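The chain contents come next:
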Amino acid sequence: MNGHSPNSVSAARAGWLLIQRDLRLGMRRPGEWLQPLVFFFVVTTLFPLATDPQMSRLRDMAPGALWVAALLSSLLALEMLFREDGQDGTLEQLALSGLPLSWLLLSKSCVHWLLTGLPLVLAAPLVAMAFGAPYAAIPAILAALLLGSVALSLIGAVGAGLTLGLRRGGVLLALLVLPLAVPVLIFGAHATALAIALEPAAAPMYMLAAIVVLSATLAPLATAAAVRIGLE
Amino acid sequence: MIPWLSWLAAICGAAGLIGALGLAPPDYQQGEGYRIIFVHVPAAVLSTVAYAVMATAAGVGLIWRMNVAHAVAASCASIGAWFTALALVTGSLWGRPMWGTYWEWDPRLTSELVLLFLYLGYMGLRSAIDDTARADRASAVLALVGVINLPIIHYSVDWWNSLHQGHTLLKFGKASMPPSMLTPLLLMMLAFLLYFGAIVLTRARGAVLRRERQARWIGEIVGVTAP
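In order, the protein sequence lines correspond to chains A and B.
Just add 3 to the spot in the first sequence (first one is 1) and you have my numbering.
Just add 46 to the spot in the second sequence (first one is 1) and you have my numbering.
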């Protein structure tokens with residue numbers, strides 16, 4: 004078509020095509036991205052059951068419960084980030100395509116976040132309300148989770164790349180990713196706690212945003228290196 | 047090199063121990079109990095030094111594809127993990143009489159614990175991959191990612207607790223130590239460092255021998271001709 008050989012697809016165009024493809028694949032299998040969401044609801048339901056359901060107590064616990072549940076369910080979702088594509092050879096094709104692999108994997112991370120991170124963020128106000136958070140706190144909680152889930156998707160992609168094709172990948176993935184996610188958890192939970200107390204939460208938000216920027220620049224490079232190793 | 051390091055480590059360790067347990071005066075606040083810092087502080091320092099060495103070796107191995115560097119990085123991990131565990135255990139033993147609790151969610155303790163998890167993750171990843179070359183490079187990537195993250199984790203943990211509550215914990219100031227305590231402490235640090243060097247070299251030698259067990263030059267050294 005108009006003298007375009009398949010090799011002359013620009014990196015931006017390839018990233019966009021990849022996003023469309025992954026979104027379409029994800030939409031055809033809603034079970035995969037709904038499961039982490041359901042898991043998020045279940046875990047947050049367990050917290051009041053395991054402690055006592057007084058609203059004042061729950062309000063104190065809400066940031067911790069929200070963020071630990073979000074962290075665990077994003078971890079659950081990470082397993083499927085590269086699994087299918089690693090098994091059917093798509094990742095190898097991407098690596099051999101001559102386009103920057105880090106860019107393509109960043110596109111994949113974007114889709115992964117859209118399918119697993121974003122539903123979580125949208126579900127969070129519901130859970131926060133159930134934990135007794137005031138209405139006024141909802142925008143800040145949304146913003147914190149929005150930033151945090153992006154960072155978790157990006158950082159987690161490194162772990163998913165490293166455990167690509169391993170037999171005991173699941174538990175190992177948790178062991179690799181959770182320590183790296185400590186800063187996100189701290190700042191996210193802190194921002195949420197400040198928001199629920201109706202105090203300005205700008206400071207931890209800025210830190211979260213800084214982590215997002217840093218991981219958006221560095222994590223794709225590490226992910227690409229990890230995936231290349233995993234494909235050997 | 048290994049005997050040199052080990053002997054120097056033994057001498058420094060002996061001198062440090064004599065100074066630490068015999069010559070240094072009891073602390074006016076903590077009595078004799080403070081003497082555990084002569085093990086605790088070097089272990090804590092070495093836990094980070096080991097990570098730095100491991101990450102450097104991993105980087106060298108990844109960039110120049112040196113097998114020896116990978117072997118060194120792999121040997122650092124378990125030793126570093128042990129130093130971290132030792133620092134945590136001695137710290138909590140010290141904390142029981144001094145702070146009245148084995149564990150306090152102090153930033154330093156917490157970041158040391160996260161460091162231990164990083165080590166365990168590194169070792170877990172390495173043991174999960176059967177192919178040595180692949181394990182080398184994957185764990186090297188992880189070590190480098192960890193090195194970028196370590197300062198962030200450290201500062202976030204610092205920040206996390208300093209905003210939560212004001213701490214009334216005892217802190218060691220740099221210059222608030224008389225020479226009779228400082229000298230043994232430095233000697234012990236040196237001893238730990240030399241010991242670390244000796245052990246890493248020993249383990250790395252073992253690792254290299256194991257990797258290259260099919261190679262001809264090993265057969266020549268050992269005096270066994272390969273079939």
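Keep in mind that the hints were calculated from the coordinates and are not lab data.
Owing to the predicted nature of the structure, the values given are computational and were not obtained by experimental measurement.
Don't take each hint at face value.
Taking beta-carbon pairs under 7 Å as the criterion, some of the chain B residues facing chain A (in silico) [unchecked claim]:
{"hint": "1", "residue": "Leu159"}
{"hint": "2", "residue": "Val160"}
{"hint": "3", "residue": "Phe163"}
{"hint": "4", "residue": "Gly170"}
{"hint": "5", "residue": "Ala184"}
{"hint": "6", "residue": "Asn195"}
{"hint": "7", "residue": "Ile198"}
{"hint": "8", "residue": "Ser202"}
Cβ-to-Cβ under 10 Å is the rule here; a few derived chain A residues that face chain B [claimed, not checked]:
{"hint": "9", "residue": "Pro51"}
{"hint": "10", "residue": "Ile158"}
{"hint": "11", "residue": "Val161"}
{"hint": "12", "residue": "Leu165"}
{"hint": "13", "residue": "Phe190"}
{"hint": "14", "residue": "Ala192"}
{"hint": "15", "residue": "Met210"}
{"hint": "16", "residue": "Ala212"}
{"hint": "17", "residue": "Leu221"}
{"hint": "18", "residue": "Ile232"}
To be clear about the criterion: a stretch of chain A counts as covered by chain B if any three or more of its residues have a C-beta under 8 Å from a C-beta of chain B, and this derived list gives those stretches [said to hold, decoys possible]:
{"hint": "19", "segment": "89-99"}
{"hint": "20", "segment": "143-150"}
C-beta: ideal position from N, C-alpha, C; glycine also.
Interface hint compliance - Phe190(A) to chain B, C-beta minimum distance less than 10 Å: With Cβ-Cβ at 6 Å, under 10 Å, it holds.
Interface restraint verdict for Val161(A) against chain B (beta-carbon cut-off 10 Å): Hint on Val161(A): holds, closest Cβ of chain B at ~6 Å, below 10 Å.
Cut-off 7 Å, beta-carbon criterion: hint that Asn195(B) touches chain A: holds (5 Å)
Interface hint compliance - Ala192(A) to chain B, C-beta minimum distance less than 10 Å: Given a least distance of 9 Å, the restraint on Ala192(A) holds.
Hint check, Leu159(B) versus chain A [nearest Cβ-Cβ separation less than 7 Å]: violated (9 Å)
Evaluation of the interface hint that places Leu165(A) against chain B, nearest CB under 10 Å: Nearest chain B Cβ about 5 Å off; hint holds.
Status of the Met210(A) interface restraint (C-beta, 10 Å, chain B): The hint holds - Met210(A) has a Cβ within 10 Å of chain B, the shortest such distance being about 7 Å.
Interface hint compliance - Leu221(A) to chain B, C-beta minimum distance less than 10 Å: It holds, given that the least Cβ distance between Leu221(A) and chain B is near 6 Å, below 10 Å.
Per-stretch coverage check for the segment 143-150 of chain A, three Cβ contacts closer than 8 Å to chain B: violated (count 0)
Closest C-beta approach of Ala184(B) to chain A relative to 7 Å, hint status: holds (5 Å)
Minimum beta-carbon distance criterion (7 Å), Ile198(B) to chain A: OK, holds: Ile198(B) within 7 Å of chain A, min 5 Å.
Status of the Val160(B) interface restraint (C-beta, 7 Å, chain A): Status holds, d = 5 Å.
The structure does not agree with the numbered hints 1, 9, 16, 19 and 20 stated previously, though it agrees with the rest.
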